[in-house]
Structures are given as C-alpha cells and as structure tokens.
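Starting from the given sequences, assemble the full structure and let the hints guide the process.
As numbered in this note's numbering, residues 32 to 527 make up the sequence shown, in order.
Hint data in this document are derived by calculation from the structure and do not stem from the laboratory.
Honestly, I wouldn't trust all of these hints.
In silico BS3-like cross-links for lysine-lysine, where the CA-CA straight-line distance does not exceed 25 Å [unchecked claim]:
1. 467 - 404
2. 141 - 434
3. 404 - 109
4. 141 - 404
5. 434 - 509
For each label pair, taking beta carbons as the anchor points, the in silico distance ranges come out as [claimed, not checked]:
6. 416 - 104: 43 to 51 Å
7. 242 - 404: 48 to 56 Å
8. 496 - 248: 49 to 57 Å
What you are looking at is a predicted structure, and each value in this text was computed from that prediction instead of being measured.
Glycine included, C-beta positions come from ideal geometry on N, C-alpha and C.
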Amino acid sequence: MAMVLVTLLLLIFWPLATFQSTLKWDALDISLPWRYFVCDAFRNGVLPLWNPFQLQGFAQGTEPQTWYLPAILVGLIKGYGLYSLNLEYLLHLLVAGAGFFRLGRSLGIKKMGLLWGVLIFMVNGFFVGNAQHLGWIVAGAWIPHLLASYHAFLHRPDLRNIVLTALFSYLLLSGGYLAFSFVMLYVLGIWTLLHYLRRLPITSRRPFLVLLLKLLALTGLVCGVVLVGMWDLAEHISRAAGLSGESSMVGSWRFKHMLSYLFPYPTIFENGSFWSGDQSIINVYMTLPGFILLLSSLTLWKQDERVRRWWLMLLLSVALSLGDELPLRQWANHLPLFELFRFPSLFRYFTILLGCLLASRSLNHYLLFPQRKLIFRICLGIGIIYMIALTYVLSIGFELPVKSLSGAFGVQALLGLVLLSIGGFLLARAKNGSSKILILGAFTFLDLLIFVQLNGPTSIYSPKEFVSMQSSIEDLPKGYPSPPLFDALRSNTDKS
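Right under this line is the structure:
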C-alpha cells in the first residue's frame with residue numbers, strides 16, 4: 032500500500048517527479064542559494080558559518096536551516112541544485128504522509144480510513160498553496176511525527192520515545208519556519224500539563240517529571256547548534272524585540288477564504304478586492320470526499336470524545352488563523368514568543384491536520400454504518416452551492432481559457448458537479464466496503480490530480496524550463512571560490 036501511495040503522489044506531481052519543472056519564488060530566491068552554499072561548503076571541508084556570496088556577506092551559521100540535516104544529506108553527494116530541490120519537496124510530502132499515518136494510528140484511527148487520509152493530507156491546500164515556502168513544508172511534514180512520538184512518550188516514557196521526540200524536535204526547529212516551533216512549544220506544554228493533572232496517578236508523577244527533564248535535556252543538546260545561533264542572531268534583528276499588533280496580523284486568513292474548501296482553483300487568481308490576501312495563505316482544500324466526511328463526522332459528536340476534542344481544537348485553530356477578523360490572535364501576542372511572528376494563516380495547517388483526522392475517523396464509521404441519507408444531504412447542499420456559482424458566472428459571461436476570478440469559480444463549480452455526480456453514482460452502487468474504498472480512492476486521486484493541475488502552475492511550478500535553469504546552476508561558483516561580482520538574489524528572477 033505504501034508503494035501505491037508513493038506512485039499516486041508522483042503521478043499527481045509529475046512535472047516535479049520527471050524534472051520538467053521546479054519550484055518557484057521563495058524556494059528559488061532563499062532556500063536554494065542557502066542550501067547550495069551550505070552543501071558546497073561541507074563538501075569542501077568548510078563549516079558554513081559565514082556566507083560571503085550574498086549582499087556583503089552574512090552569518091549563515093545563525094540561520095537554523097543551515098543545520099537541517101535532511102537537506103545537507105540530499106545535497107552532499109553531488110551538491111545541492113534543482114534536482115535536489117524537487118526531490119526534497121516530494122520527500123517531505125512522503126514524510127508528512129508517514130507522520131499522519133503514525134499520528135492517526137496512535138490516536139486509534141483504523142487502517143482503512145487512515146490510508147485514505149494519508150493521500151488527502153499529502154496533497155492538501157497547505158502543501159500546494161505554500162509550496163514556495165520550504166520552511167512551512169518542512170514544518171508541516173515533521174509536526175505529525177513529533178505529535179505521534181510525544182503521544183507515545185506520555186503513555187510509555189521510555190528511552191526510545193525520548194530519543195524520537197528529541198530528534199523530531201530538532202528536525203522541526205532546524206528545518207521549519209520558526210513560528211511552528213513556537214506554536215508546538217505551547218501545544219506540547221498544554222498537553223503535558225493536562226496529562227500530568229488528569230491522567231497520571233500521584234505515585235507516578237515524580238518519575239514522570241524525571242523522565243520529562245531527561246527529554247528536555249536531550250532535546251536541548253540535540254538542538255544546541257540551532258539554539259546558540261538563534262541566540263547570537265537575536266540582538267541583530269529588529270523582529271526579536273517583537274512586532275506591533277498590526278504587523279503581526281500580516282498574512283491573516285479570512286472568513287471568505289473558507290470558500291477554498293469547495294473552490295480551490297479561484298484562490299490563485301489574485302484579486303485584492305475579493306480575497307484580500309496572497310494566494311499562498313488562502314487554500315485549505317482537502318478534496319470533496321474529505322470535506323463531505325469532515326462534515327459527516329459531526330454525527331459522532333455525542334458518542335466519541337475524541338471527535339469532540341478534535342472539533343474544538345479545529346475551531347480554535349480557525350479562530351487563531353482569522354487574525355484580522357477575530358481578536359484571538361491579537362490577544363495571543365501577550366504570550367511569550369507569539370509577538371515574534373506574522374502570518375496568522377499558518378494556523379490553518381492545524382485546521383487541515385485535524386480535518387483530515389476527523390474525515391479519516393468518519394470514513395471508518397461510514398464503512399461500518401453507511402449513512403446514505405446524511406451523505407446525500409451534504410452532497411446535495413454542496414451541489415446547490417456549485418449550481419448557484421455556475422449560474423451566476425454564466426449570467427455575467429463565461430469564456431475559456433480562464434482569465435478571471437469569476438471564470439475560475441465557474442470552472443470549479445462545473446468540475447465539482449461532475450465529480451459529485453459520477454462519484455455519487457458509483458458509490459451508491461457499491462455492494463461492500465472493499466468496493467467503496469476502491470471507488471473512493473480512485474475518486475479522491477482524480478480530485479487531487481485535477482486540483483494540482485489547476486493550481487500548480489501558479490502555486491508550485493516555475494514558468495522557466497527546468498533544463499535552462501539547470502544550466503545556470505551549473506555556472507555557479509564551485510569549490511568555495513571567491514564571491515561572484517553579481518548578486519543573484521538582488522535581481523529577483525527565477526533564472527538568476
């Protein structure tokens with residue numbers, strides 16, 4: 032089954048898997064040159080503490096991603112380049128899928144629904160919309176592993192789980208966008224407190240605290256090089272003093288962005304008066320089946336405590352994402368570390384993670400106790416929304432190829448109606464659970480393939496040809512030579 036999921040992922044992202052295209056924007060302007068320099072320095076026996084090649088030089092060793100081991104290993108053999116960049120992105124999607132599986136199993140979700148959930152989690156709106164932000168992708172990949180290992184530590188605090196939790200903490204801190212590490216400090220801290228007060232008998236509390244201190248000590252040791260670098264850098268950057276309330280709200284999610292649950296394609300059409308936000312911070316798509324099963328999980332509210340807990344956490348993450356429209360994120364600025372980062376929309380990652388867990392749990396329940404009437408009503412409601420959108424777009428004029436936001440809404444509505452009709456027809460005639468999961472898997476794959484084909488050219492793939500860009504990589508300095516006379520970053524073009 033793992034090979035099937037890998038194959039499906041490579042088919043969905045075939046331009047990256049076949050090296051027809053590569054990533055764009057920040058992935059090329061920031062991540063690629065840093066990784067190129069770091070790997071080149073290591074290959075030539077030099078610690079990458081100072082980078083003389085960009086601007087007037089800067090302290091590369093204080094940047095956490097300098098010490099991100101997976102990126103170093105990817106680029107250590109032949110140097111880091113466009114092939115490495117594509118490979119690293121795809122590998123992290125697989126890492127995210129494996130982490131989601133580990134987390135779901137630890138939380139009691141059965142295998143059949145969980146494997147389907149792995150597919151939608153690997154190709155959700157966060158990983159597609161934020162493809163340029165490699166630090167966000169890395170964080171999104173390792174957080175499920177960290178949660179799964181820490182869950183295992185709380186229930187079985189042995190050496191293995193201590194080491195795994197420390198390792199995943201290092202991978203998150205060194206490779207991920209730092210704001211995710213700050214958030215996870217609070218998540219794990221609150222989780223630990225609740226576990227200590229509610230679940231641990233009094234006789235077990237002292238031994239648990241000893242093991243917790245060992246975990247913290249090992250984590251601090253493993254993350255030492257990153258923490259020292261961050262400490263040295265803090266006095267030299269203005270953000271270390273904290274952001275103002277208005278500045279920390281830059282990149283907020285909005286209520287209207289919830290339309291991306293059903294209309295992911297229009298999110299790539301920038302329209303300041305409508306979306307009021309960059310395309311990379313909007314998308315929360317988790318497929319039509321995923322959204323339908325997420326809504327159907329509400330029927331489990333009374334009988335399943337975990338479903339209630341996950342829904343409450345999902346709503347909390349939504350509230351924190353809506354920085355400009357709800358006050359919760361601004362109130363959080365009074366907490367240590369929260370005042371140091373922008374982009375409240377990063378909390379939508381947890382909305383998607385929890386949504387995929389709920390949908391997977393709901394699928395297992397549906398396979399055992401088919402709820403045809405409920406599913407039909409949800410599909411009917413979604414179909415009506417699509418019909419209204421399509422009717423409106425046709426009334427104001429609709430043309431192909433799509434060049435406007437309204438046209439994108441029309442295409443998505445038409446595709447949604449077709450997918451709902453075909454999927455509903457086939458599932459209604461499925462005779463057993465095996466045929467249902469097979470049809471649902473094929474339907475979900477088709478949904479994701481269409482989603483990435485429509486959104487990918489804007490949010491993932493660089494418009495430049497891979498071959499021509501690779502020739503520029505080959506012309507870059509090698510062997511730790513003198514700095515070049517030009518500054519590639521300052522030109523701000525993909526090829527440079």
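Right, here's what the structure says about each hint:
no., hint, verdict
1, 467 - 404, "holds, 16 Å"
2, 141 - 434, "violated, 44 Å"
3, 404 - 109, "violated, 57 Å"
4, 141 - 404, "holds, 24 Å"
5, 434 - 509, "violated, 43 Å"
6, 416 - 104: 43 to 51 Å, "holds, 46 Å"
7, 242 - 404: 48 to 56 Å, "holds, 50 Å"
8, 496 - 248: 49 to 57 Å, "holds, 50 Å"
Checked against the numbered hints above, the structure violates hints 2, 3, 5; every other hint is satisfied.
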